[in-house]
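J.: Here are the chains, one letter per residue:
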Amino acid sequence: MKTNFFKLNRNQTQKLGFAFLSLLALTTILPIILIIGLLIYKGGSAISWNFITGFPHDGMRQGGIWPAIIGTFYLTVGTAIFSVPLGIASAIYLSEYSKDNTLTRTIRIAIINLSGIPSVVYGLFGLGLFVLFLKFGTSILSASLTLSIMTLPVIISTSEEALRAVPQSFRTVSVSLGATKWQTIRRIVLPEALPGIITGVILGLERAAGETAPILFTGAAFFLPQLPSSIFDATMALPYHLFVISTQIPEMPVQIQFGTALVLIAFVLSMNILATIVRSQARAKRQW
Amino acid sequence: MTDKILIENFSLQYEDGIESLRNINLAVEKNAITVLFGPAGGGKSSLLRSINRLNDPEDIRLINGRILIDGDDILDPKMDIIELRRRVGMVFARPVVLPFSIRKNITYGLEVMGEKDQNKLNNAVERSLNQAALWEEIKHRLDDPAIALSGGQQQRLCIARSLALEPEVIMLDEPTSGLDPISTGKVENSLQELKKDYTIILVPHSVQQAARTADNAGFFLQGELIEFSHGKKIFTSPEVKKTEDYVTGRFG
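For the record, the sequence lines run as chains A and V. Under our numbering, residue 288 is the last one in the first sequence; the count climbs by one each step, no gaps. Under our numbering, residue 1252 is the last one in the second sequence; the count climbs by one each step, no gaps.
Misleading hints may appear alongside valid ones.
[Said to hold, decoys possible] Below, computed lysine to any residue pairings styled on SDA-like, alpha-carbon distance capped at 20 angstroms:
no.: 1; chain 1: V; residue 1: K1030; chain 2: V; residue 2: S1229
no.: 2; chain 1: V; residue 1: K1196; chain 2: V; residue 2: D1070
no.: 3; chain 1: V; residue 1: K1104; chain 2: A; residue 2: P167
no.: 4; chain 1: A; residue 1: K181; chain 2: V; residue 2: I1081
no.: 5; chain 1: V; residue 1: K1242; chain 2: V; residue 2: F1228
no.: 6; chain 1: A; residue 1: K181; chain 2: V; residue 2: P1099
[Claimed, not checked] Some chain A residues well away from chain V (every beta-carbon gap over 12 angstroms; in silico):
no.: 7; residue: A19
no.: 8; residue: T27
no.: 9; residue: I29
no.: 10; residue: S95
no.: 11; residue: A110
no.: 12; residue: I111
no.: 13; residue: N113
no.: 14; residue: V121
no.: 15; residue: L129
no.: 16; residue: P225
no.: 17; residue: S270
no.: 18; residue: N272
no.: 19; residue: L274
Read the hints as simulated data drawn from the structure, not as lab findings. For each residue, glycine too, the CB sits at the ideal point set by N, CA and C.
All chains, full assembly: derive it from the sequences and hints.
T.: Shown next, in the form of structure tokens:
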């Protein structure tokens, strides 16, 4: 009997391969499970109605995080107001109107590279342009504009991809039926690309909601005793608040730190879930 | 017999340098089926796309000659392209249904022109589906997604969609290339009906289909119109050797 113990037949090889690959796939979701598990374990006890809706007090060692939640909400909405129309318009131009030449290829490469710029650099840029030069001060406006510039490349490139995924034949047929280019875009291309565009938009806004560095110099406040009353006020924000209570305040209760992180994660995850719902609704409505 | 379309000394050259059409002279008879046939790359599709100006001006290096529809030069820069495309409908080789319901596919062309009267739109749906021999099969599910139709039904829907605009000319570029023989037969039969009201230009997907359908036929080879005459004549006693070789299956 000259059988090699290590020599597997092809069925066994296949089973081993599947097992190995699914193990690897599982490891990729392990971190997210661990992160959420840890946050719930360590910060779950901090979550209460008062924590969500109250102001911090006692040097932030007590009380809630309401101003930071509201601040992050304002900043996300502000970012959306600037970056979504501009981003989608740019994507439509690039995908539908621009010619494929050196200039547009350069623009595309620039957009891709913009998404690789470290967020702290955006923060410094925002400080120079919006806070100091345009004299918007450290404010919701400056911070939203800075976050918008950071978010734009994500929105543009994902939206352009979604637009390009719409079959060229739809455009040809629409035009051959006497539609103008804009009617074709408005009635066929945009509705078809919408689920993909929404996904891109929410991915971009999610990143904006969780960023600390770009708002550090442009609009985030260490502590404010009242909510911002205009877009020219500074604001507290969840990611910056988390940074502050984790590093700047001695003897900070651990459950408040983890509780704050838990709320931030919940904020971002709920945007994600919203995106999924909107997308599947859009798909269901179109029936394919 | 009257000529609906006159093509005079028409040449077309694409930006990539491949000469596509050389000095084409052709008269398309009104209320008849004019078949343009020949091996792939002969310029048939390019000619169709020129007739309703679907070629992207970006891709064209050179364009010469005239294409007249009822005496209007469609290459005239002042020509209203949107209006031209309403007058000249086009059906493509692969049926492309738009991502709407069956009804909306047909009304789309009318709606983009600003037609809002629901009665007129509904009448157009019934009339054009009848003309394309599809009404009886699908009249109960007009609001279903068009993509749910079979390939043959989709292609007849595409024909109906062109007819909804009440064009003067319908051009079909290998409309049955993806269809089974039964669906092909249905499409060919409806073309015979349609020619009573419309002028039809057909690029067939086979010589047999060309012979079956043609009132007049032109043989295209490498950008040139080799021979053009009555369908009966060109398929039984062609004058040019190349045409004879092609229709008898000696090449192509």
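J.: Could you run down the list of hints and mark each one as holding or not?
T.: These are the hints, each one checked on the structure:
Our distance criterion of 20 angstroms between C-alpha atoms is met by V:K1030 and V:S1229, whose separation comes to about 15 angstroms. Taken as a hint, the V:K1196 and V:D1070 pair is honoured in the structure, with Cα atoms around 18 angstroms apart against an allowance of 20 angstroms. For the given pair, V:K1104 sits about 18 angstroms from A:P167 by alpha-carbon distance, which is consistent with the 20 angstroms threshold. For a cut-off of 20 angstroms, the pair hint linking A:K181 to V:I1081 stands: about 12 angstroms separates their Cα positions.
Using a Cα cut-off of 20 angstroms, the hinted pair V:K1242 and V:F1228 holds, with the two alpha carbons roughly 12 angstroms apart. Straight-line distance between C-alpha atoms of A:K181 and V:P1099 comes to about 17 angstroms, which keeps the hinted pair within the 20 angstroms bound. Separation of A:A19 from chain V is adequate, the least Cβ-Cβ distance of about 39 angstroms exceeding the 12 angstroms criterion. Residue placement check: A:T27 keeps its beta carbon more than 12 angstroms from all beta carbons of chain V (closest about 39 angstroms).
Distance check on A:I29: its Cβ is at least 34 angstroms (rounded) from any Cβ of chain V, clearing the 12 angstroms threshold; non-interface status holds. No beta-carbon of chain V comes within 12 angstroms of the beta-carbon of A:S95; the shortest separation is about 15 angstroms. Non-interface status of A:A110 relative to chain V is upheld: no Cβ of that chain comes within 12 angstroms, the nearest being about 23 angstroms off. Against the 12 angstroms criterion, A:I111 stays outside the reach of chain V, whose nearest CB is about 23 angstroms from its own CB.
Here A:N113 stays apart from chain V, with its beta-carbon at least about 28 angstroms from theirs, past the 12 angstroms limit. Residue-level check passed: A:V121 sits 38 angstroms from the nearest beta carbon of chain V, beyond 12 angstroms. Listed as a non-interface residue, A:L129 keeps its Cβ farther than 12 angstroms from every Cβ of chain V; the least gap is roughly 37 angstroms. No Cβ of chain V comes within 12 angstroms of the Cβ of A:P225; the nearest lies about 54 angstroms off, and the non-interface call holds.
Look at A:S270: its CB is around 30 angstroms from the nearest CB on chain V, clear of 12 angstroms, so calling it non-interface holds up. At roughly 26 angstroms from the closest C-beta of chain V, the C-beta of A:N272 stays outside 12 angstroms, upholding its exclusion from the interface. The Cβ of A:L274 sits about 24 angstroms from the closest Cβ of chain V, beyond the 12 angstroms cut-off, so the non-interface label holds.
Hint compliance for this structure: no hint is broken.
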